[in-house]
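Take the sequences, apply the hints, and build the full model.
Chains as they are written, first to last, in the numbering used here: chain P, 6 to 354; chain Z, 3 to 459.
You may find that some hints are simply not true.
Stated by the list, open to error - With a Cα cut of at most 25 Å, we get these calculated DSS-like pairs of lysine-lysine: (1) Z:K216 - P:K216; (2) P:K9 - Z:K422; (3) Z:K303 - P:K12; (4) Z:K186 - P:K9.
If you are wondering where the hints come from, they were derived from the structure by calculation, not from laboratory data.
What you are looking at is a predicted structure, and each value in this text was computed from that prediction instead of being measured.
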Amino acid sequence: MIMKKLKYISIAFSILLLAASVIPFAFPLTDTSLFTGNYRIPYSMGDDYFLYSRYSKHIESGNTIPVIGDSVIWGHYTDSSHTLSANLNNLSHEFKFSNMGLDGIHPAAMNGLMNLYPAGYKKRKIIVGINLLWMSSPRHDLTGAVNSEINHKSLLPQVSISIPSYQPSFEERLSSLITRSVPVFTWIDHIRLTRFAEKSFYAWTMENPHKNVINYFSRDMDDFKTPPGIEPDKMQEQNINWVTPDKSLQWKFMIETLLYFKTRGNEIAAIITPFNTYMMTGNSREQYFSILSEMKKILRANGIIPVIPSKPGKKYFADSSHPTAEGYKLIAEDIMKNREFIKFLKKPQ
Amino acid sequence: MLFHSWSFILFFIAVYAVFSASGNPLWKRNIILAASYIFYGWWNPLYPLLITWVIVFDFTSVFLMERTGKKKLFLSLSLTDTILALCFFKYSGFIVTNLNSILTAAGIEYSIPHPGILLPVGISFFLFLSLGNTIDCYYGRTERETSIIQYASFVSFFPSLLAGPIERGHHLMPLLKSWPEITKNDIAEGIYLFTLGMFKKMALADYFALYANKIFGNPAQFNSGDLVAGALAFTWQIYFDFSGYTDMARGVARMLGINLVENFNLPYMARNTGDFWGRWHISLSSWFRDYLYIPLGGNRKGEIMETRNTFATMLLSGLWHGASWNYVLWGFVHAVIHTAGKKIGRISLAGKVPLPVKRILVFILIIFTWIFFRSENAGDAFMFIGRIFTTDFNTPQMPLYMAGLITACYIFQWLKEYGKTGFSDKPVFRGISILFMLTYIMVFITYSSTEFIYFQF
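Quick look at the structure:
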């Protein structure tokens with residue numbers, strides 16, 4: 006009886022271990038047929054790194070050029086057919102560019118994403134979007150005061166680098182380290198986000214106390230509604246507390262990511278997406294242009310092609326850094342006129 | 003470091019590896035003592051100083067009790083030290099708040115500054131454990147421990163350090179001294195208890211807390227149906243929270259070869275309030291019984307003295323739980339119900355009430371007493387109960403799934419009470435239930451290591 010107890014417990018653990026190691030790979034439950042055209046990771050699945058990883062691998066096996074970046078690349082104020090990559094596709098009359106943007110992902114988190122869930126791009130052309138929003142204050146740069154509301158926290162370095170704004174407890178760090186390194190945990194998150202009604206079952210029952218729990222095991226289509234941007238006449242000038250590239254942590258992470266791609270023999274074009282200078286004071290604007298030229302120099306020095314599109318008019322911005330659908334069109338047109346970019350596109354892959 | 007956290011799991015694996023590698027009971031004890039200090043210091047590096055003080059003070063008191071023969075003096079010193087430590091760390095804020103209220107009522111404008119002292123986790127538990135041993139030595143019920151290291155390993159034993167069970171010296175100390183051989187059964191039982199405790203805490207208690215917190219957070223907003231359901235949710239939350247913790251503590255200790263005492267025995271199946279206290283937080287109830295109620299005279303000196311002793315024990319038990327009047331009130335309500343129950347029990351008609359009906363009635367009474375325990379203050383508790391009887395009975399917003407779980411838990415307790423759950427001890431059932439519980443936690447629980455309710459006491 007006693008021996009049997011331990012035997013059955015061992016069997017239980019073995020089954021669990023086996024299932025945890027096999028299921029994420031045998032049953033990824035990801036509809037890869039959706040990864041075509043102007044597909045972008047659905048907004049509500051912004052934390053689904055398993056899905057992102059599957060999408061990356063899909064892109065890696067194809068011929069399109071991944072356009073990696075944050076919500077500006079993802080297209081926060083427009084639908085998937087009017088984003089930057091979609092406009093670039095329209096202008097090149099083929100599906101050449103894949104939207105690999107992820108809402109809210111800042112350079113430090115993106116660096117983690119590329120390291121933790123590597124797509125394995127080798128000798129490819131890659132476009133990376135750089136958004137100066139992440140250097141527009143010590144808070145955004147993660148060099149300011151401790152902030153508990155950082156996006157994509159679990160992707161940040163937990164042990165190797167100290168980030169001033171990110172000071173979680175030991176338990177949180179450990180939990181992030183474990184959950185992101187064990188595939189079954191990211192797979193469970195993926196299932197919750199893609200197949201179930203919400204990430205937390207218990208929270209769902211609290212919100213739907215009298216609904217049949219079976220409803221939890223089904224998911225409605227992504228219900229992202231494009232938010233309205235700021236009206237141009239309501240845009241106000243602000244003084245921006247820029248963090249310069251020599252001091253910026255986000256810039257350090259961005260360069261690290263770009264060099265990571267570079268060392269794998271990839272050709273990189275870095276698009277510094279236009280910032281809404283209409284919402285800046287004169288002094289902030291001056292600093293912005295100085296930062297821009299400094300970044301350009303650093304990128305060139307590292308063998309990365311800097312692409313700086315012209316700034317569209319005020320009405321083509323939805324907020325301080327995101328263009329409107331029309332704005333994306335203008336930016337894409339400008340990029341497609343850039344000689345260096347054209348040269349980059351013509352290179353064989 | 004909470005039991006259901008990654009930190010603890012890694013800590014325990016490391017400790018267990020070192021522990022298993024040593025064959026000598028003395029080394030085993032030393033390893034666990036060191037682990038206990040690391041475990042307690044993890045919360046706050048200053049806490050080990052506090053527990054060391056308690057260990058040294060009580061060890062010396064017992065030593066001098068024997069050496070000088072002045073038993074009463076050193077027992078009094080140990081008792082004073084315990085009371086002072088509790089007053090300083092636990093009750094100073096409460097005392098100051100009440101003194102300030104008296105000053106205000108007396109028209110004196112001066113107010114004593116709030117001390118703002120941090121309550122060290124587990125203090126009420128290890129102070130009572132150590133004091134209990136001193137009292138046992140005083141009465142000659144247990145032999146004096148001659149090694150301070152041995153005594154330290156008893157007081158600081160990490161599985162039961164933070165929230166019990168409050169062990170007795172004569173039970174735990176000999177085990178820690180000779181350290182029993184770990185059997186396969188210990189490992190199997192330990193893993194099962196730990197998993198069961200984790201399930202009770204994460205899958206049940208924390209879920210019921212979502213609804214209970216909503217209702218108790220603002221009872222004035224809810225009508226009768228929700229208030230009753232909220233009280234019911236808290237009734238099960240506190241049970242699974244504390245019994246889950248105890249299961250994990252017992253599971254950890256069991257894996258180390260130590261069988262800690264039971265702390266719960268289907269409390270919601272009690273047939274009267276006396277029976278309830280024999281089933282709920284057994285180690286604390288028996289502590290109060292043995293070290294307070296009986297020394298006060300128990301039920302041996304007539305009805306009035308028995309009532310006095312019951313009230314004294316219950317009020318102090320309430321105060322032990324927290325430095326707030328609602329805990330005292332909770333103890334008072336229990337004392338009233340207990341005393342009244344005894345009187346009613348003497349009526350011959352009461353004997354004719356079927357046992358299941360008695361169990362249900364006691365359960366309903368217990369639900370009402372938890373309202374005093376959970377409410378922010380006494381006013382809220384009375385308002386909560388008042389609204390149950392004065393507002394319309396609405397359909398509660400409690401999730402159907404939660405209601406289903408509560409019903410299932412209650413049915414299971416009935417089946418267990420009447421010995422119909424023999425299947426749960428079968429090895430296959432154990433294996434399947436571990437598989438089920440871990441899968442359930444992984445798939446349905448969004449990880450968060452919330453603290454246990456009893457840590458605040």
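For each hint, the structure was consulted:
A threshold of 25 Å between alpha carbons decides the hint, and for K216 of chain Z with K216 of chain P the separation of about 19 Å falls inside it, so the pair holds. Between K9 of chain P and K422 of chain Z the alpha-carbon distance is near 22 Å, which keeps this suggested pair within the 25 Å criterion. This hinted pair does not check out: K303 of chain Z and K12 of chain P have alpha carbons roughly 55 Å apart, beyond 25 Å. Taking the CA atoms of K186 of chain Z and K9 of chain P, the gap is about 10 Å. The hint holds against a cut of 25 Å.
When held up to the earlier numbered hints, the structure conflicts with hint 3 and nothing else.
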